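Residue numbers (this note's numbering), protein chains in the order written: chain A, 430 to 648; chain B, 99 to 192.
If you're looking for bench data, these hints aren't it; they were derived computationally from the structure.
Since the structure is predicted, the reported quantities are computational estimates derived from the model, not experimental observations.
Be a bit skeptical, because a hint or two may be false.
[As the list claims (entries may be wrong)] Facing chain B, from chain A, some residues (calculated, C-beta under 8 Å):
1. I481
2. T549
3. R569
4. R577
5. E578
6. D592
7. V598
8. H599
9. A603
10. L605
Beta carbons: idealized from backbone N, C-alpha and C, even for Gly.
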Amino acid sequence: MSEHHHDHDHPTHTHDGKPIQEDPLPPIEAQILEASVRELLIEKGIVSAEEIRRAIEVMETRGESLGARIVARAWTDPAFKEKLLHHSDDALLEFGIDMRPMELCVVENTEDVHNMVVCTLCSCYPRPILGIPPAWYKRRDYRARAVREPRAVLKEFGTVLPDSKQVRVHDSNADLRYLVLPKRPEGTEGWSVEQLEALITRDSMIGVSDVRDPAESGA
Amino acid sequence: MEPKYKPGDKVRILQRNQPGHVRTPIYVRGKTGVIERIVGSFPNPELLAYGHTGLPYKMLYRVNFRQSDLWDDYDGPVDDTLEIEIYEHWLAPA
């Protein structure tokens, strides 16, 4: 007997052994519009399909490493840190990043303050320096709860803060994008910029966690 | 364009039911906070979203709220804050 003896009325897998994939949703207006504009631009020779593919690839392969380099520089160069906090566009240009017309708002964690970023309305995120936002950042529960009960959310991320530390939540709802400047950990005096970079994680720059423990980083 | 408010000014977010693409979340409407900084003027997103130019530009501010002023049952220290960007046409003096 062939491999097709199983019950096709209740399929649990496809013939290639992969889980069944849902049919794609019917295109919505915006998707139709996007496809039409894209096809027209290609047809008229304004951009090529290859250029679009390349732009998507660049966007999707960008990670948090640039953010980590920026933070490590701020930890080791007080003049750069001042510039980053007050004239972030000039500071970013030193790393070849021009975010205009958006502006980067850098918020500094200190002994007394912990900053945390959320976009309650959608998923605004400093993509040029941190890449694509994590899935949880775009989820409704994070977006709703980060402003409502930030300390409970932080605790679920393993970040338990004393009441003596102020929590400042930043709703990235309009024209600014946010970067948390984590606090440089104790015990890293004399570390090289590269060693410091290895401590700086994506989540520490969103503000849901601290940087890596220098004692465990093996640096 | 001259900003109408300056850092430290107390402001109230307007309680307005406005359909469409609005960047003022409902949870801050009707609440009172303090201007943290003037961000600058930007195209009005409520028009930009519909293919218009966004003119006239709107002044944008960061407004700082005490969490306990946003949520009656906020579970955390009184110093905890929330900061958010609000366009001038959503603000009134408080």
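Comparing the hints with the structure gives:
1. I481: Interface hint status for I481/A: violated (22 Å vs cutoff 8 Å).
2. T549: holds, 5 Å
3. R569: violated, 13 Å
4. R577: holds, 6 Å
5. E578: With a minimum Cβ separation of about 6 Å from chain B (threshold 8 Å), the hint on E578/A holds.
6. D592: Result: holds, 5 Å to nearest chain B Cβ.
7. V598: holds, 5 Å
8. H599: holds, 5 Å
9. A603: Interface hint status for A603/A: holds (4 Å vs cutoff 8 Å).
10. L605: At about 6 Å, which falls below the 8 Å cut-off, the nearest Cβ of chain B leaves the hint on L605/A intact, so it holds.
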